Each structure stands twice: as C-alpha cells, then as structure tokens.
Amino acid sequence: MGLKELLRRIFLLDLVQGLRLTFSYQRPSATYTEQYPRERPPVAERYRGAPRLNNNPETGETLCIACNLCSLACPENLIVVGWERTEDRRKKLTTFTYDVSRCMFCGLCEDACPVDALELTQDFEIANYTREGMIWDRDLLEAGPQPVRYSR
Amino acid sequence: MPEATYLDANELVINMGPQHPATHGVLRVKLRLDGERVLGTECIIGYLHRGVEKIAENRTYVQFAPYVDRMDYVAAVTNGMGYCEAVEKLMGVELPPRAQYTRMILAELQRIASHLLWLGTHALDIGAMTPVFYTFREREEILKIFENYCGARLTTHAFRIGGLQYDLYDGFEKDATKFCDYLLPKIDEYEELLSTNRIWMNRTKKVGVLSGKDAIALGVTGPVLRGSGVKWDIRKVQPYEAYDKVEFEIPTGQNGDTYDRYIVRIQEMRQSVRIIRQSVERLAPGPIFGKVGKVIKPPAAEVYHSIEAPKGELGYFVVSDGSTHPYRVRVRPPSFVNLEALDIMSRGHLVADIVAIIGTLDIVLGEVDR
Numbered sequence: 786m787g788l789k790e791l792l793r794r795i796f797l798l799d800l801v802q803g804l805r806l807t808f809s810y811q812r813p814s815a816t817y818t819e820q821y822p823r824e825r826p827p828v829a830e831r832y833r834g835a836p837r838l839n840n841n842p843e844t845g846e847t848l849c850i851a852c853n854l855c856s857l858a859c860p861e862n863l864i865v866v867g868w869e870r871t872e873d874r875r876k877k878l879t880t881f882t883y884d885v886s887r888c889m890f891c892g893l894c895e896d897a898c899p900v901d902a903l904e905l906t907q908d909f910e911i912a913n914y915t916r917e918g919m920i921w922d923r924d925l926l927e928a929g930p931q932p933v934r935y936s937r
Numbered sequence: 049m050p051e052a053t054y055l056d057a058n059e060l061v062i063n064m065g066p067q068h069p070a071t072h073g074v075l076r077v078k079l080r081l082d083g084e085r086v087l088g089t090e091c092i093i094g095y096l097h098r099g100v101e102k103i104a105e106n107r108t109y110v111q112f113a114p115y116v117d118r119m120d121y122v123a124a125v126t127n128g129m130g131y132c133e134a135v136e137k138l139m140g141v142e143l144p145p146r147a148q149y150t151r152m153i154l155a156e157l158q159r160i161a162s163h164l165l166w167l168g169t170h171a172l173d174i175g176a177m178t179p180v181f182y183t184f185r186e187r188e189e190i191l192k193i194f195e196n197y198c199g200a201r202l203t204t205h206a207f208r209i210g211g212l213q214y215d216l217y218d219g220f221e222k223d224a225t226k227f228c229d230y231l232l233p234k235i236d237e238y239e240e241l242l243s244t245n246r247i248w249m250n251r252t253k254k255v256g257v258l259s260g261k262d263a264i265a266l267g268v269t270g271p272v273l274r275g276s277g278v279k280w281d282i283r284k285v286q287p288y289e290a291y292d293k294v295e296f297e298i299p300t301g302q303n304g305d306t307y308d309r310y311i312v313r314i315q316e317m318r319q320s321v322r323i324i325r326q327s328v329e330r331l332a333p334g335p336i337f338g339k340v341g342k343v344i345k346p347p348a349a350e351v352y353h354s355i356e357a358p359k360g361e362l363g364y365f366v367v368s369d370g371s372t373h374p375y376r377v378r379v380r381p382p383s384f385v386n387l388e389a390l391d392i393m394s395r396g397h398l399v400a401d402i403v404a405i406i407g408t409l410d411i412v413l414g415e416v417d418r
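Top line first, the protein sequences correspond to chains A and B.
Going by this note's numbering, the first residue of the first sequence is number 786, and it counts up by one from there.
Going by this note's numbering, the first residue of the second sequence is number 49, and it counts up by one from there.
Keep in mind that the hints were calculated from the coordinates and are not lab data.
There may be inaccurate statements among the hints.
Reference listing, derived: stretches of chain B covered by chain A, where coverage requires no fewer than 3 residues with Cβ under 8 Å from a Cβ of chain A [to be verified]: (1) 77-88; (2) 230-244.
Derived pair list, reagent style DSSO-like, types lysine-lysine, alpha-carbon separation capped at 27 Å [what the hints assert, rightly or not]: (3) LYS339/B <-> LYS293/B; (4) LYS261/B <-> LYS284/B; (5) LYS342/B <-> LYS876/A; (6) LYS253/B <-> LYS279/B; (7) LYS293/B <-> LYS279/B; (8) LYS293/B <-> LYS222/B; (9) LYS253/B <-> LYS78/B; (10) LYS226/B <-> LYS192/B; (11) LYS102/B <-> LYS137/B; (12) LYS342/B <-> LYS877/A; (13) LYS254/B <-> LYS789/A; (14) LYS253/B <-> LYS789/A.
For clarity, every value in this text was computed on a predicted model and none was experimentally measured.
No residue lacks a Cβ here, since even glycine has one placed at the ideal position from N, Cα and C.
If we strip away everything but chain A, and leave its shape as in the complex, we get (with noise of 0.2 Å):
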C-alpha cells in the first residue's frame, strides 16, 4: 500500500466523494414526491384504466352496436354483452357486464370495438370493498369512472 493510498484511507477521501454526491441532491428542486390523495399524478393521454361505455354525446343513447366483438376479443373472458332484436331484426344493447377484477387492461376489447363504444379511461382507483362490486353492469359503466376528490 502506498503513501497516496494510505492518506486517502486515512481521510476517508472515497467516503467524502461519494456523500458529496449524496447531499448535492438534498435541494428541493430534485424533490420527487408526490401527495398522493391531495395530489394526483397526470397521467398519459394513453392511459388503460377503468372502462367505461360510452354514449352519444347529443342523444344520451349508447353507442354499443352490441357486436359483440370486445367479448370475443378479450383474453380472459369478462366481458357478457346481452342484446335482442327490435322489430326491424337489428340488434340492440340490454345488458353489459365487465368484471374488472380480472381485467388485466392489455386494450384489446378498446381495439376491437368498431365504433369506439368501450373505452379504457384515464381513472387507476378501482379498488372496492367486495368480489361482486368489482363487476360492472351497464348502469355503471355508461356513469363512467367518478374519481374521489380529497382535500384536507
């Protein structure tokens, strides 16, 4: 071991280097944290969340065709799109059901879907307190995700 090496030893010199580093980031520019509740993270435009069905912004009514093709489509099977048929034999939505619980949100039935009915929101908080509460029927789904506010 040489002089140099022994005095760098001695001082603690890589010690001092490396904690030079550590405290160079204790500025709160470079803060990082986030309040969760009060604060929400913006999330990307693209973001796959919560579904949601959405309807005609002008008439209200659904624009599911009740193709039936997001059913098929989705890896797991949780989608249950129920219709019948009007007088004229076209078809029409009475039921939707969505199990998020098993959703794993890859976007397949988002991309399935020819008229852009089911979509996957920006919304991350679908926790709920049951099994059953994590299946959505079509009232839900049409209300679409209503994200709680908190304030202090």
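Based on the hints, put chain B in the right spot on chain A.
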C-alpha cells in the same frame, strides 16, 4: 451437492428464501454450509408458476400477447417483442422500417430500465443504499415514455403481431433523445459511486467467478456470459429487426467475476443509448403494420426465434397447427438458464456472497417459473 471435506466438518443445511429480500422474489436456495463457507447450493423453484405456456394453448395468438409481459415483468417490452417476432417469422411477415426502429428504441429503453433496476437492487443487496434511489429516478423517466406511448408502465403490451398498435406520440423523438442526454452523465455518476468504491470492489471482485468455458457449457447467456469474456450477443450473431443496420459494440469482461458483470451492464447501457440515438435519426414516416390479415392464422409449422433480452437469450418456440390458436408455445427464459450457474459460482464463498451472486445473475422469478 458435495460432502464436507474438512475433518472437523460441522455441516449445516439451511434454507434461504422463499421469503428473503435478497432473492429478488420467491426463490428458495438450499445451502449446505460448513461454518460460513458454502459447500453447495440447490435451487427450489416454482413458487411463482402460473402455467403461461399452458395458457397459450387456450388463447388465440393475439390474445396470448399480454401474458408474455408477465414473465419478465421488469422487461415486458422485450418479452412482447420476442413473441410477436416469433409469430411474424411463422407467418413470414416483413415489418416496415418505422415499426422496426420503433421496436428497437423501445426495446433498448427497456434494456436500460432493466439494467437500472438491477443496478439499484444489486447495490442495495450488497449494502450501497444510495444508487437505488438514483436508478429508480432515471427508470421513472423511461416508464413515463412507455406510458405515453402505449398507456401502461410495466405490463405494456406495446406491440401487436405484425406491427405496432399505436403510432408514436408527438414529441416521442424529442423525449427519447432528451432521455439519452440525461442518462449518460447519470451513468458516470453511478460509476463514481461504485466503480472505485473500496467496499464495492471488495464485495464484488473475485466473487462468483465463472469461467468462459463453464459459462458456455451451462448455456448461460446475456451479460453473465459476456462478463466471462465470451463475445456473444444475439443482436450481432443473428440480427433481428434492424440491428444489423446500427453500430454498437459488445462489451465484455475478462475475469468473469461479479465486478466484471457490473462493468459489462454499465457499458451495455451506454451502447443502448448509441442504438437509440441512431434509431431515432432513422425514424421516417411510414406504415406501422406489415401485411397481416385481420385474423392471425399462421400455416402449420414450427419456429424458434430468439432475441437478446436484457437478461440474455429469450427464445420462443411456437408450434402451429394451422388454426388461430397455437398448438404449443415453449419459452426459453434467460433467467432460468442463468440460475443454473449459481451452484458453480457460489462454492467456497461465504453466505453473504450468495446475496451478491444471486444479484449479479439478474434473475426475475416470474420468468424462471413462468
């Protein structure tokens, strides 16, 4: 496992894991100890088995794509890329250049993210607390790019068979180059923290030595193989996508110890930055989907396709019977094969070194057990 060789042998068999923070998941290692010395190890795996290969037989080709993301969950993009490419090879689909370069950029970003996660946790295991916070901060930037591109951070499902589902968002090129500029000084910073750090060197040099010959015999791939001095990279020897059109080097080590593997991975991050920069330059407007029909129905055949995942050679063996469902999908995960080297590497070392050796192998249990 060998028997004790010492006369006053006081052999002890203990379990490390499956609930141990340093085994990076649910790996159970049976250690045969003589005092503090390790005589041999035996891995017991399967705690995270989900039967992904069996699931594949009950799904269509398109439907199975999200499941492969859950194998190596810290490098989902490369997993998806390997699977999509295997099925594309089966169908003989050629991708347009824009799709190829997009895939390459995202795969290299994923490689950096995976190495950053490895660096942070590996250093944390050995006792260096600081790097983990820095590496996670940089990784966050990559995950933001992923989220903006495909809407998910970890289990991305970024690619579809035949191309990309999403075109690049506005400002992607800027984000990618900005990240490259941002990352390079940070890598120097990690090196400043670790490369010449005396504790780090004592804990990693001459620990877990794996010779090149042993590494080849065991079938080890990726940075573990290159750390032993073998110049082998699927991106060079069997180029896929457009890797033959970009310039990069294969970093290798000499001694095959934990320190060399650390250096190899650090260098690999720099090479990935090079690849990203070249690919971004070559991104030109154009189609993002090859010639595939609405229904993916490959001809009856079988194909093996492997890519260089962050952890090594990731291979997919897909057998098709001509229907929309794969007949069989077999995955060759790099972590599973690399874990085989644990026994040879850990013999004669102390118990504390096992933590360093498991860390340096960079295993992900989701991939080992599938």
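Hint-by-hint comparison with the structure:
no.	hint	result
1	77-88	violated (count 0)
2	230-244	holds (count 4)
3	LYS339/B <-> LYS293/B	holds (22 Å)
4	LYS261/B <-> LYS284/B	holds (21 Å)
5	LYS342/B <-> LYS876/A	holds (23 Å)
6	LYS253/B <-> LYS279/B	holds (21 Å)
7	LYS293/B <-> LYS279/B	holds (19 Å)
8	LYS293/B <-> LYS222/B	holds (22 Å)
9	LYS253/B <-> LYS78/B	holds (24 Å)
10	LYS226/B <-> LYS192/B	holds (13 Å)
11	LYS102/B <-> LYS137/B	holds (21 Å)
12	LYS342/B <-> LYS877/A	holds (25 Å)
13	LYS254/B <-> LYS789/A	holds (24 Å)
14	LYS253/B <-> LYS789/A	holds (22 Å)
Violation of the numbered hints given earlier is confined to hint 1; every other hint is satisfied by the structure.
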